[in-house]
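Undergrad: These are the residues of each chain, in order.
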Amino acid sequence: GENVEQHPSTLSVQEGDSAVIKCTYSDSASNYFPWYKQELGKRPQLIIDIRSNVGEKKDQRIAVTLNKTAKHFSLHITETQPEDSAVYFCAASIGNQFYFGTGTSLTVIP
Amino acid sequence: GAVVSQHPSWVICKSGTSVKIECRSLDFQATTMFWYRQFPKQSLMLMATSNEGSKATYEQGVEKDKFLINHASLTLSTLTVTSAHPEDSSFYICSASLIAGETQYFGPGTRLLVL
Chain A
1 GENVEQHPST
11 LSVQEGDSAV
21 IKCTYSDSAS
31 NYFPWYKQEL
41 GKRPQLIIDI
51 RSNVGEKKDQ
61 RIAVTLNKTA
71 KHFSLHITET
81 QPEDSAVYFC
91 AASIGNQFYF
101 GTGTSLTVIP
Chain B
1 GAVVSQHPSW
11 VICKSGTSVK
21 IECRSLDFQA
31 TTMFWYRQFP
41 KQSLMLMATS
51 NEGSKATYEQ
61 GVEKDKFLIN
71 HASLTLSTLT
81 VTSAHPEDSS
91 FYICSASLIA
101 GETQYFGPGT
111 RLLVL
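Chains A and B supply the protein sequences, listed in that same order. The first sequence begins at 1 in the working numbering and counts up by one. The second sequence begins at 1 in the working numbering and counts up by one.
Isolated chain B (complex conformation) (with noise of 0.2 Å):
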C-alpha cells in the first residue's frame, strides 16, 4: 500500500516551453501532497505544499506563477513549470500523506533537463 506515482519520469525540453509532471497517489486518498525539488547530492528542497481543492502554499522563494500547482482531487496533484529555463533542469519530487503531519510517501521523480 502507499504507493506514489509521477509522471514522466524523465522529460528534455526547449527553454521556454512549459512541462506539467502528474502526482498520483495510487491506493489511498492523499490530504496532502508536497512538491520537493533536490539537486544533485543535496537534501529534498520544499517548494509547496497543496490541499485538495485549495490554493498551493509555496516556500519562501519559490514563484507561484513559475511553478503552478493544482489539486484538482484526493489522489491527483500537478505541477507545472512555465516558460523552463536552463535553471529549472532538476529533479522534481512529489509526496503524499494520508494524514497531515504523518508519513509522506515519495513519487520515483522527475528528472527535468531544460536545453
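One chain only, chain A, in its complex shape (with noise of 0.2 Å):
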C-alpha cells in the first residue's frame, strides 16, 4: 500500500516568516494530493490540493508544489500569521482511499 512521510513533525516560525512542510509517497499511482489544517478539537479542513498533472498551484498564501519524479510534495505558507497555528496533514490518494501523513504542528510566534 502507499506509505506517506512527513516532515517535520513540529515546525516554529516567526510571524511574518514562512513555513514548508514536505511529504514523500511511496506509490507512483497516487493521484491526487491534498493538504488539511485541524485545529485543536476541530475537524480537519481542506488547505488546498493537487493532482498529478500539475506541478505547482497558488492560493493567496498557500502554496502547493509536486514532483512527481521524486515522488514528494510540499506546502509553502508565506507571511505567516498566528492564525496559522494548527497541525497540517498531508494526503496521497489513490483510487478512493487517502493515506495521510503523521501531521506537522506548526506554531507561529507573534
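Because the hints were derived from the structure by calculation, they are not lab data. Note that beta-carbon positions come from the ideal geometry of N, C-alpha and C, so glycine has one too. Wrong hints could be hidden among the right ones.
What the hints assert, rightly or not - Not the full set, but computed from the structure, chain A residues with beta-carbon under 10 Å of chain B:
hint, residue
1, GLY16
2, GLY41
3, LYS42
4, ASP49
5, THR102
Said to hold, decoys possible - Taking lysine-lysine and the DSBU-like style, the derived pairs with C-alpha atoms no more than 35 Å apart in a straight line are:
hint, chain 1, residue 1, chain 2, residue 2
6, B, LYS41, B, LYS55
7, A, LYS22, A, LYS42
8, A, LYS71, A, LYS58
9, A, LYS42, B, LYS41
10, B, LYS14, A, LYS42
11, B, LYS41, B, LYS20
12, A, LYS58, A, LYS42
13, B, LYS20, A, LYS42
14, A, LYS42, B, LYS55
15, B, LYS14, A, LYS57
16, B, LYS20, A, LYS68
17, A, LYS71, B, LYS64
18, B, LYS20, A, LYS57
19, A, LYS68, A, LYS57
20, A, LYS71, B, LYS20
21, B, LYS41, A, LYS71
22, A, LYS68, A, LYS58
23, A, LYS22, B, LYS41
24, A, LYS71, A, LYS22
25, B, LYS41, A, LYS58
26, A, LYS68, A, LYS42
27, B, LYS41, B, LYS64
28, B, LYS66, A, LYS42
Grab the two chains, each in its own frame, and use the hints to assemble them into the complex.
TA: Dropping the structure here:
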C-alpha cells in the first residue's frame, strides 16, 4: 500500500516568515494530493490540493508543489500569521482512499 | 457547500454499552463515506470505507464485529461501537466524498469516553 511520510513533525516560525512542510509518497499511482489544516479539537479542513498532472498550485499565501519523479510534494505558507498555527496533514490518494501523513504541528510566534 | 455533520459530538458511556455515531452529508450525496480514528497528537487512522448499499471495507486490524458500519443512504452512514471498553475511547471522525478519490469533507468528530 501507499506510505506517506511527513516532515517536520513540529515547526515554529516567527510571524511573517515562511513555513514549508514536506511529504513523500511511495506509490507512483497516487494521483491526488490534498492538504488539511486541523485546529485543536476540530475537524480537518481542506486548504489546498493538487493533482498529478500539475506541478504547482497557489492560493493567496498558500502554495503546493509536486514532484512526481521524486514522489514528493510540499506545502508553502508565506507571511505566516498566528491564526496559521495548527496541525497540517498531507495525504496521497489512490483510487478511493487517502493515506495521511503523520502531521506537522505549526506554531507561529507573534 | 460540502458540509458534513456528525452526531453526537461527545459521548460518555459505561464499559460494555454500545454507542452509535451518525455521519451525514448535508448538502450533497456522498458516494463514499469514511470512518477515521484519531488519538491525541496523532494522525488520522482509516478504520473503514463504506459505500451506500454495500458492506463496508475494513482496514487491517479493525474488527468489523466491534465497529459496525451501516451506510443506509447516500447521505447517512453510522458507526456503532459495540460493547465499548476504555481502550475504545478516542476521537472518531467521518468524512464524505462526492467523487471517488476526490476531496474528502470531514465531519466535526465525536469524542468517545468509555468509563
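Undergrad: Tell me, in ascending order, the numbers of any earlier hints that this structure violates.
TA: Of the numbered hints given earlier, those the structure breaks are 1, 15, 16, 18, 20, listed in rising order.
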